[in-house]
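Asks: Each chain, written out:
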Amino acid sequence: MTPERLLLFSAARQLFALNLQEVCEVMEPQQCYPFAGAPPHYQGLINFHGNLTALVDLAGYLRLPGRPLPGKILVIDTRLAHLALKVDAVGSILDAASITGASSHEDPLTEALLDTPQGNVRLLRLETLLTGLEQELQQNAPNNAKPGGT
Amino acid sequence: MDMSQYKALFLSESREYLRTIAEQVVALEQSPGERSAVDALFRGAHSLKGMAASMEYGDVVVVAHSMEDLMARVRDGAVPFDAGVADLLLEGVDLIDVLLQDVEQERPSTLPTGDYAQRLAIYTPAPPKAAPADQAETQVSAVEAVPSPAPTTPAAAADIAPPPAAEAEKAKEPAGEAGGTVRVKTELLDHLINLTGELVTNKQRLLTIAGELASPALNDAISETAKLLRSLHDEVMKVRLMPFEAISDRFQRSVRSVAKKSGKEIHFELTGREIGLDRGMLEQLVDPLNHILRNAVDHGIEESGERERGGKPARGTVRLAVTRDRDRIQITVRDDGRGMEPATMIAAAIAKGILTPEEGELLSPRQALMLSCIPGFSTAKEVTDISGRGVGMDAVNAAIQKLGGTLGIESEPGVGTTITLRLPLTIAIIHALVVQVGQVKAAIPVNAVQRTVELSRRQIETMGKRQMFQLDDEAIPLLSLNRVLGLPLGRFPDGILPLFVTEARGRRVGIVVDRLLGQHELFVKQLGRPLSKMAGVAGGATLGDGEIVAILDLAGLL
Amino acid sequence: MALKVMIVDDSLFMRKMLRDILVEEGYEIADEASDGVEAVEKYKECLPDLVTLDIVMPNKTGIEALQEIMAYDAGARVVMCSAIGQEALTTAATEAGAKAFILKPFNPELVTRVLREVAQG
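Protein chains in written order, with full-length UniProt numbering: chain C, 1 to 150; chain B, 1 to 558; chain P, 1 to 121.
Isolated chain C, as found in the complex (with noise of 0.2 Å):
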């Protein structure tokens, strides 16, 4: 089901799209600190009023290639996670009644393939993405060093 409307952005030279009730902010990028253990597409921890928020760089997590942009972090809403995706630019709001066409797609993180006038948009799933960031940083868990090595 498409909702009614869509933050449009773009990351490695492409145009995704997310509900707009799942995002609660659009961000310039700001000071993010780094931490161990997480794969290399965590870029740090922010602090996002109060709330220490995962970034992630969504180009990176997509494994397609970045650009080197200063970019936008959109912050999806603290109800649903406490994570932030660093994207290359944001678009307009999106009404649903502008959708032209819309399609399947085999990738599961991806709700549909969207018509729209600024283009084929890919609505991203967020729950599909929360449970795929989870998935991998259980699978990338620290396998029990060996005592020993300095």
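Rather than coming from a laboratory, the hints here were simulated on the basis of the structure.
Misleading hints may appear alongside valid ones.
Under the rule of at most 25 Å between Cα atoms (straight-line distance), these lysine-lysine pairs were calculated in the DSS-like manner [said to hold, decoys possible]:
| hint | chain 1 | residue 1 | chain 2 | residue 2 |
| --- | --- | --- | --- | --- |
| 1 | P | K16 | P | K99 |
| 2 | P | K16 | C | K72 |
| 3 | C | K72 | P | K99 |
Going by beta-carbon spacing under 7 Å, a handful of chain P positions derived as facing chain B [said to hold, decoys possible]:
| hint | residue |
| --- | --- |
| 4 | S11 |
| 5 | F13 |
| 6 | R15 |
| 7 | A100 |
| 8 | L110 |
Where chain P lies over chain B, by a calculated footprint (3+ residues, C-beta under 8 Å) [what the hints assert, rightly or not]:
| hint | segment |
| --- | --- |
| 9 | 5 to 12 |
| 10 | 29 to 43 |
From a predicted model like this one, the values you see are computed outputs, not experimental measurements.
Glycine residues also receive a C-beta, built at the ideal position from the N, C-alpha and C atoms.
Fit chains B and P to the known structure of chain C by using the hints.
Replies: This is chains B and P only, laid out in the frame that chain C set:
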């Protein structure tokens, strides 16, 4: 709506608008065509009118409204901005200024606004300007004389006020006890705790600054603030406490059902159900305690026949006791079952390949019992049956450590086993050791740190593949935190390795880091999705300078 | 789920009053802006469910800000706020996409009723 709370803001912002209006009038006199100044004047009068209307200060509304209308006519080109307009506007500024003083002193308006509005409404260019201007001046000066003596009286009154007020409070207290409870939303509580935590963080920041300034006065003030913060924190935390009995029902039920299933007769005792625990912690204790109790019934207590042969009552006893000393909660689960044999535990661990026989010999009985908390050890069925303990003890241990607590096992073969959980009263604020590893900082709760050591490279001994050092006549293996976290290894050019000693898998380990950065009081924040699923991280916290560090959960990491 | 409102007014006093009314009613304040330029910028950052937009403001009037917000988000739900005397601008605001009007001074019951109606579409 109670508007009195907005009065101070109304006054300060209104005066700002008056200042802006006066400045713009002067600016317009210099260059009358300045469109932006005309707009700003109009907006100033418009905003003043709106604010005064909200406060229901009718006189201010009338004056501001007529100024706005006049400026609208100027803006629309109906009236040129000339000296007459300027005078009228400045007169309005003075009028409102006096009216605001009345508002501030809470006295009825002393100044009739007279025909001001009417004069503005009928204003046409080039009138005689002297009359209105003079009139305004005399009015203003006459009024200005009035308020000056006033301020001394309220100040004096304020000095006398507190004692009777405090007495009144005292008198109220006993009466308040009867119905003295208020329902508070849990979000509000969480918010209070959050604020308290932020204050603690900020105090840490002040400490950093005070260190740089080396000011004794500032240090005194901060240590006083720190004391106050501690009591504030304690009080706020008390509000979050819930009696243990909020969860204890479930334990009674689960002990009964396990006993029934395993065909054992169990006497279950519960004491300390009235002890208050942090509500967040209570929820997280349900699973671990259930586990410990089930193990006690299932594996600890013997069959009744076996018990009788051993000279024990046929019915086994499991006691769950909650006690509290000043700032810690202690929960013990004691059974009078078969107990655990350290030698059997060590043998089982060697058989599983977890320990070498040499390592096994080095373990104290207490350390041997803690082997049951090692992941690979305790999930094995056969070990469980031998040890009389086990399934999921690693998970129990991890959960307790995550709450900032410790788990201890004491056991005497044939007599029984006692598992003791020691928990902080609250989970929100902890003391932690902050360390530097590679480019990142990390925090380790001090309950997991036995001590810190600065080790010279010469003190390192190599035993097989392992590097060890001697501490209190015990050989302790070294482990690099950098390596565990997948970071580049430290270099230690001066030959000194900073490390802290912790207990992992039932024995002591030296964890080498790049630098020990000292102990901090941290306000723990839980991480949400997805990081809540990351093993080895128990939460995060903000340091005094705003830097965020992850709080490591060593039990999950090692 | 609490709805997020962005409050735009050049007067701190007015913002504070409106904020108190809205918080009391259970709304979440997404952000506040004190002029038209800031309003458009912050709209794109805080993505509010509702906006209260003052008409008379410096650096871009409320009407101009409204037009830009609607161009960015055709589904934006904006409620214009104005004091007596600005009735002439209501037509322009309606044409630009404003969903409703609130007259200052704010009457708490009226404000909450209007916002509720707009929120429910």
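Asks: If a hint holds in the structure, say so; if it does not, say that too.
Replies: Hint check results:
In summary, the hint linking P:K16 to P:K99 is supported, as the alpha carbons are separated by about 22 Å, within the 25 Å threshold. With a CA separation close to 30 Å, the supplied pair P:K16 and C:K72 exceeds the 25 Å bound. Using a Cα cut-off of 25 Å, the hinted pair C:K72 and P:K99 is violated, with the two alpha carbons roughly 30 Å apart. Interface hint at P:S11: satisfied, since its Cβ lies 5 Å from the closest Cβ of chain B, which is below the 7 Å cut-off.
Interface restraint check: P:F13 against chain B, minimum CB-CB distance 5 Å, threshold 7 Å, status holds. Interface restraint check for P:R15: the shortest CB-CB distance to chain B comes to about 10 Å, outside 7 Å, so the restraint is violated. Annotation: P:A100 was flagged as interfacial toward chain B, and the flag is violated, the nearest CB pair being 18 Å apart, outside 7 Å. The restraint placing P:L110 at the interface with chain B is violated, with a minimum CB-CB distance near 12 Å, outside the 7 Å limit.
Against chain P, the segment 5 to 12 of chain B contributes 3 residues with a C-beta closer than 8 Å to a partner C-beta. That satisfies the three-residue criterion, and the hint holds. With a threshold of 8 Å between beta carbons, the proposed coverage of the segment 29 to 43 of chain B by chain P holds, since 4 of its residues qualify and at least three are required.
Hints 2, 3, 6, 7, 8, counting from the list given before, are not met by this structure.
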